[in-house]
Amino acid sequence: MEKVLLKNLGKPGSHTLANYVASGGYKAFSTALKMKPDNIIQMVKDSGLRGRGGAGFSTGLKWSFIPKDPTLQKYLCCNADEGEPGTFKDRGIIDHDPHLLIEGMAISCYAIGASKSYIYIRGEFVFGAERLQEAIDEAYANGYLGKNIQGSGFDLDMYVHRGFGAYICGEETALLESIEGYRAQPRKKPPFPALAGLYGKPTVINNVETLSCIPAIVEKGPEWFSKMGPVKSPGPKIYCVSGHVKKPGLYELPMGTTARDIIYNHCGGMLRDGKPLKAFIPGGVSAPLLMPADLDTPLDFDSLAAKGTMLGSGAVIVMDTSTCMVKTAYIINRFFSHESCGKCTPCRDGTPWLTRILKRIEHGEGRPGDLELLDGVCDNIFGRTFCPLGDGAVMALRGALKNFREEFQYHIDHKRCMVS
Amino acid sequence: MLSEQAKQEILASLKKYHDKRSAVMDAVRIAQKENGGHVVKRDMEEIAEILEMQPVEVNAAAAFYTMYRIDKPVGRHHIQVCRNISCSLMGAEHIIKHLERSLGIKTGETTTDHRITLSTVECLGSCGTAPMMQVNDEYYENLTEAKIDELLKKMA
Amino acid sequence: MVTVKINGKEITVEDNTLILDAARDAGYEIPTFCYQADLMGIGSCRMCLVEIEGQKKLQPSCVTPVLHGMSINTDSGTVQTARAGVLEFLLANHAMDCPVCDKGGECELQDMVHKHGPHKGRHAEPKFKFHDKDYVLSPVIIKNSNRCVQCMKCVRVCREVVGQNVLGALGRGDHQEPTSFFRAFMNCEMDGNCIEVCPVGCFMRLPYRYKSRPWDLKSSDTICPYCATGCRMVIEERAGTLMRAKAQLGVGLNSETLCARGRFGQDFVNNPERINQPLVRRYGKLEPVTWEEAISHIKENLTALDGDKIGGIASPRLTNEELYLFQKLMREVLGSPNIDSSSRFSPDAVEGFVAATGMGEGGVSVYDCMEADTVLIIGTHLSDENPVIDYIVRRISASRRMNVIIASPRAMKLDSSANIVLRHNVASENAVLTSLVIGLNEGKLADTLKGMHEAQLDANLKASGVSADLISTVVNRLAASSSIAIIAGTDFLRYPEGISGLGLLKDLLKSRGKKVTVMPVLDRANQRGAWEMGVHPGFGPGYSETRKGLGTEGMLDAAMKGELEALYVVGSDVASMYPGDDFARTALSKVGFLIVQDMFMTETARQAHVVLPGAAHAEKDGTYTNQEGRAQVIKKLLTAPGRAKQDINIIRAIGESFDRSFGPKHFALVLDEIRKEVPSYADVSLSFNNKRNTDNKLDNRGALVKAAAAPAVKVKSFNPASVETSGARFILTTGNHLFHSGRSSMKSETLLGLLKGAVVEISEEDAASLGLKSGEKVRVKGANFEAQMTLLTKKGTKSGVAFIAENFDDAPVNRYFRRGGGIPRVDIIKTI
Ligand SMILES: Cc1cc2nc3c(=O)[nH]c(=O)nc-3n(C[C@H](O)[C@H](O)[C@H](O)COP(=O)(O)O)c2cc1C
Ligand code: SF4
Ligand code: FES
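Which chain is which? The protein sequence lines are V, A and F, in order.
The opening position of the first sequence corresponds to residue 1 in the numbering used here, with each subsequent residue numbered one higher.
The opening position of the second sequence corresponds to residue 1 in the numbering used here, with each subsequent residue numbered one higher.
The opening position of the third sequence corresponds to residue 1 in the numbering used here, with each subsequent residue numbered one higher.
I should point out that these hints are in silico values taken from the structure, not numbers from a laboratory.
A couple of the hints might just be wrong.
[Stated by the list, open to error] With a cut-off of at most 27 Å between alpha-carbon atoms, the simulated BS3-like pairs for lysine-lysine come out as follows:
hint, chain 1, residue 1, chain 2, residue 2
1, A, 97, V, 415
2, V, 189, A, 20
3, A, 97, V, 201
4, F, 127, A, 7
5, V, 359, F, 56
6, A, 41, F, 795
7, F, 57, V, 402
8, V, 246, A, 147
9, A, 72, F, 773
10, F, 798, F, 756
11, V, 188, A, 97
12, A, 97, V, 275
13, F, 129, V, 189
14, V, 68, A, 16
15, F, 795, A, 106
16, V, 189, V, 201
17, V, 359, A, 97
18, F, 299, F, 590
19, F, 56, V, 189
20, A, 72, F, 129
21, A, 97, V, 246
Sequences are here, hints too, so could you generate the full structure?
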């Protein structure tokens, strides 16, 4: 397959404007500037592109919610918070091909009529933030950003906003709070950001990978895009593979590639001979895990939803038989309770409680009834939280409890691990 | 006290935003950097003044994020080892133990010579190259004990 | 309107009604923690989750509006489990130290767990603790974060209502702690609204700490006796000691809010210095006597006096019934027209102000004022004088976004809610208002304005120190508004020249077809009531025509000339409030027979021939009329100490000693008589405002007094105030301090703990140019007085303005003033 998103990865100097333009960059932007904004939105709708940040919402549809009133200030925020454990794709694009993102954003801003845009990048990506800033400066210097771009009358400013260590900032309304200088707790919806987002103005929030698909859609046409992968979630997808495989890393493949293909073909199989697959997480730690029997499930939004899990950010975490599921569940849960923003009661006080129980079991201090207690606490969190973070924590834990209940029970009964 | 340069940087950050308070994250980061890795009450008061916020709002905004170290000094090298799932699968615990042993400190502590602080963190977005850690602003990936030993030697 | 089903019951409510409110209207209670009607909804605690047919997830009813046709269940099994689940989570880290918690017995968490479960504990894990020991945040606030339920009401009320913003949430997740900057001591308004809204024992009142259990307290629902906002409050006592005062959510115009004075200042009632027996001067010394002796002594000394040579001054903190009887005693029994309720303001100014604000036209609700397109606040440092009105303006303007225009020489907290701030010169209200009037006339001069032209505009602009641009912005806003509310304060009484400008602007706007409401802002709880009861030398009850008499000033003049044979002063410390150093004292010493009735041995009482121990508001029944003209009930909780008596009974006893039929005999019967004699009070009822105001919530319009028949008050014109020409740098202004009200608050131990010594406030810029810093000790030197006090600075106050509150015993501001003199000037010098 011809790569679109990662085509420049690994090429020396791929991050420079000169190389980006040499490889055909910013052509799509020039084309777009000659189009009617509405036509671009239609193109993106037709392409079938669904958001790569996790929820898989139609990007074109999201853009079409932005009011057309030209007097209103509108914003585009690129979600580069990349916090879902297992995920490192956006960083790949930012570090190696920042102009791809900038071009994608520029086209998107033109389409929705935004003259200001922010890239919300997680605080740990210091290198990425600096690289982006350099690229933005270059783009300004070469007339891809700024006033009256290429004589089109379109103005666009682009800024980097750096996070500083909070997973919840990936949630789109928390991200807006964070840019505004408040504690990053999610806002209630409605109003949705498309109507009242950043500083109360219409705002689109899209993931890095989503935005990076835009130039190719404009250049190659929506059909080219929609023909790739499954009908309902087409296009190229970056899978982030980590854990027990021979060649972990980023793989740009057509949406709907199966886990089997990814693990055994692209990644060169399991890490250690004699340690076969025990389970894998298909879409970041919020996604319930799948079992070896599910290896042939296509990794796309709908197929995974049908399996009770999700594509999420496309982070495939592979675990072999040496993995203790209690410990895995504990680590994942600890992450969620550490990252709970503290706004709503079930997540704020429920996830740490789960963590404490799991820690006890992990440390050989489990008690009879602990599994029922875990189930009960999960029930009291699920569906009652303010934002999806709390639900994510529960889904992950329920997935482990469902498939590995005996292993948890063994831990409680024998006060030690079943696998080591 | 913020230096003149830090103040200039904060003023530059203000230009990015519609609202002064939006610059609070940049401002505290700038203050923390200048202060060698942690921020103190005095800085926050000054930032509050510049951004026309109440000091407690600066405090609240900053205390939400784990990378701001409020009143918690760090050594010259701050080692942060990822302990989340992908790194853990690839042996993060060994890495942490090895570091603790080599440095003679526990996680969360600083060496007595203020050279190195050791912490653990949640996922740093480098899972394909696990196990990994961050030292100040730099990522170190695909860690092994040997690699760490090499690195520690270089840390003055 | 939309129709929805709640628990099967069909109800019709307005569009956008929250499910929670709709359910409450339908009679279903939904438990909440984070919801509070006055605050912006955050939907975070998840206590209020309800089931909506057709939706998979439970929804937070406190932020979800009803949609037509919704079918909602507020009490299904799922909802009940969810509630118990949330409560179980709240207990996960909760300290559970209920036996030592001051909130025990009135804790919302306790009550809710009791009601909604879980009734069994499943927690076996260690709890997260924020700290070991409770920590003090201010002289009135102590905090225990381990009990916090994270509803954030404290932070929200501090920001959205009080406008102080000194609380914030530090940390994240279950480490999130609402507290002050670095948990440090706070420098704030100390109003304790954070304590009031806290559902648990996280924010607690320090003065009440470990003093009582709520079930041991007896309470009464009453009105605050300090400023004339008329805040409803519940005061509580145990074993004869007043323990605390608190507000009630959704009751009274103040709802859950009170200011520091209201919430913490009621303890003056307990002050051991209260006078507890009648005293009569014998051989130069005040000696205890029985009531019979005191009364007959009074009768003896008043009999056969010419009424015109008797005077009476009564406090604007007495009840309407007391004030009514007082003037009746003076006018009908003693035959004296010399009656006043204030030693600070001239009777003419009062009459002009009453007329210009249209008090005779009946009450004006503050909530009606908030409905206006433009709210103009002038002549008051509202944030300090009437803090709760500041809260109301802030809260409502944040969502309604009407124009808020503030004109004041001193910067104030509410400025941040204003669209336009006019920083005018001291005593130039008239110039400001006249400039507006000229501006509004757009050259086409109305009759009243004949002869006014540009030169005059220039002169007014110059006098006010406000730029023409700002004036024209305000003019444009006023012109574009169809309704305007003017909130006018006591500076009009201090510098009465502004009264004619106020009347003129009001009339002009009205003639333009605009709806104009004027609300006076007053600083004594029953000032308006005192006037409406006819405690004034110029008009009788209901602003009726009456034989004119002398006001305080005239009485003191007469006394000085040896022409005042007797003076009856109730609850007013003329000696320490009257401008000038010794004048009042000397005059009082020349009064033939001085009767002083008070709670404390004031400067004035020390000079009396008879001292009668009166009662505090907490020891009385009666009514107060607040500045809006809202008549409200105060209810007795305690018995006055020793042999002290309710003032109404003392006044009546004096009256009866002359005329056995003097009465009526009971405060309720006095109110009956008022209702008959004062038509605007015909509907005032003892019952309407001590029920929960459920129908019209905070705004009980039935309590607003009606228009008087034919008010005998006129807008007058006054000479401009002159300013001393001493050449000193600052012009001195006065008023009340945020923590004090008159001198009575100086008897509150808690308020003294907040601020005891005098302070002088100037702008930050002036301080800097003098090389002075906030908090430094300075000497304030005027032409005839100087004192040492602490300097406070404020950003944005007009340069050259110094403020000293009228409340301080150690720096009595009245001494800087000279009787009949201009506005004093002072210099501020660093103390070495
Ligand atoms: C708790 C939480 C964390 C999230 N983190 C991220 C993230 O790190 N990066 C991201 O792109 N989207 C993240 N999302 C999804 C965003 O809320 C949002 O759906 C996305 O940025 C929209 O962009 P898209 O339509 O391009 O996917 C997160 C959502 C939740 C609820
Ligand atoms: S579920 Fe609640 S506490 Fe958790 S992150 Fe979302 S809003 Fe915050
Ligand atoms: S009351 Fe509705 S969520 Fe708290």
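Cross-check of the supplied hints:
1. 97(A) to 415(V): With a Cα-Cα distance of about 23 Å, the restraint between residue 97(A) and residue 415(V) holds, given a limit of 27 Å.
2. 189(V) to 20(A): 25 Å, holds
3. 97(A) to 201(V): Violated, at roughly 49 Å.
4. 127(F) to 7(A): Roughly 42 Å between the alpha carbons, so the hint for residue 127(F) and residue 7(A) is violated.
5. 359(V) to 56(F): 32 Å, violated
6. 41(A) to 795(F): 22 Å, holds
7. 57(F) to 402(V): Within the cut-off at roughly 22 Å; holds.
8. 246(V) to 147(A): 20 Å, holds
9. 72(A) to 773(F): Cα-Cα ~32 Å, so violated.
10. 798(F) to 756(F): 26 Å, holds
11. 188(V) to 97(A): 43 Å, violated
12. 97(A) to 275(V): 24 Å, holds
13. 129(F) to 189(V): Given pair residue 129(F), residue 189(V) is violated - Cα atoms ~33 Å apart, limit 27 Å.
14. 68(V) to 16(A): 24 Å, holds
15. 795(F) to 106(A): The hint is violated at about 49 Å.
16. 189(V) to 201(V): 14 Å, holds
17. 359(V) to 97(A): 19 Å, holds
18. 299(F) to 590(F): It holds: about 20 Å lies between the C-alpha atoms, which stays within 27 Å.
19. 56(F) to 189(V): 17 Å, holds
20. 72(A) to 129(F): Judged against 27 Å, a Cα distance of about 19 Å means the pair holds.
21. 97(A) to 246(V): 25 Å, holds
Taken one by one, the earlier hints fail for this structure at numbers 3, 4, 5, 9, 11, 13, 15, listed in ascending order.
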